[in-house]
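Please build the complete structure, drawing on both the sequences and the hints.
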Amino acid sequence: MSFQAYLDNIEDKTGLTPREFIALAKERGFDDPSTKAGAIVDWLKQDHGLGRGHAMALVHVIKNGPKIDAKHVGGSGSHRDESDTLWLDGKNNRP
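According to this note's numbering, the sequence shown holds residues 1 to 95 in order.
Keep in mind that the hints were calculated from the coordinates and are not lab data. Treat each hint with caution, since some may be false.
[Unchecked claim] Pair by pair, the computed Cβ-Cβ distance ranges are: (1) Arg-28 - Gly-75: 35 to 45 angstroms; (2) Glu-27 - Gly-74: 29 to 39 angstroms; (3) Asp-89 - Glu-27: 17 to 27 angstroms; (4) Ser-76 - Glu-27: 39 to 49 angstroms.
[As the list claims (entries may be wrong)] Lysine-lysine pairs mimicking DSS-like chemistry, simulated, CA-CA at most 27 angstroms apart: (5) Lys-63 - Lys-26; (6) Lys-26 - Lys-13; (7) Lys-63 - Lys-45.
Here the structure is a predicted model, which is why all the values come from computation and not from measurement. All C-beta atoms in this analysis are idealised placements derived from N, C-alpha and C, irrespective of residue type, glycine included.
Right, here's the structure in full:
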């Protein structure tokens with residue numbers, strides 16, 4: 001599953017876009033660089049029922065924004081993304 005597919009699945013499960021999760025994380029102070037991933041994962045599990053893999057995908061965008069390493073772009077594997085920039089505004093709004 002690609003990184004973008006993880007984010008799309010999170011939206012299906014919770015009804016929230018990645019950008020909405022970023023805003024919620026900021027409200028809770030989880031955007032602070034010193035915040036450990038485990039604290040964010042615990043919040044996402046308790047409040048939104050997300051498992052570790054999906055939570056870690058959100059940890060990435062909360063801490064690093066929408067860019068992913070170019071090594072994950074293109075190619076033929078099932079885990080490859082089409083772009084090095086993730087779409088955070090909802091899968092139905094994707095251009």
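Going down the list of hints, with the structure as the test:
1. For Arg-28 paired with Gly-75, a C-beta distance near 36 angstroms keeps the hint of 35 to 45 angstroms intact.
2. For Glu-27 paired with Gly-74, a C-beta distance near 36 angstroms keeps the hint of 29 to 39 angstroms intact.
3. Between Asp-89 and Glu-27 the Cβ separation comes to about 18 angstroms, which falls inside the hinted range of 17 to 27 angstroms.
4. Taking the beta carbon of each, Ser-76 and Glu-27 are about 40 angstroms apart, inside 39 to 49 angstroms as hinted.
5. A threshold of 27 angstroms between alpha carbons decides the hint, and for Lys-63 with Lys-26 the separation of about 10 angstroms falls inside it, so the pair holds.
6. A C-alpha spacing of about 21 angstroms is found between Lys-26 and Lys-13, which places the hinted pair at or below 27 angstroms, so the restraint holds.
7. Restraint check for Lys-63 and Lys-45: satisfied, since their Cα atoms lie roughly 17 angstroms apart, inside the 27 angstroms limit.
Consistency note: the structure conflicts with none of the earlier hints.
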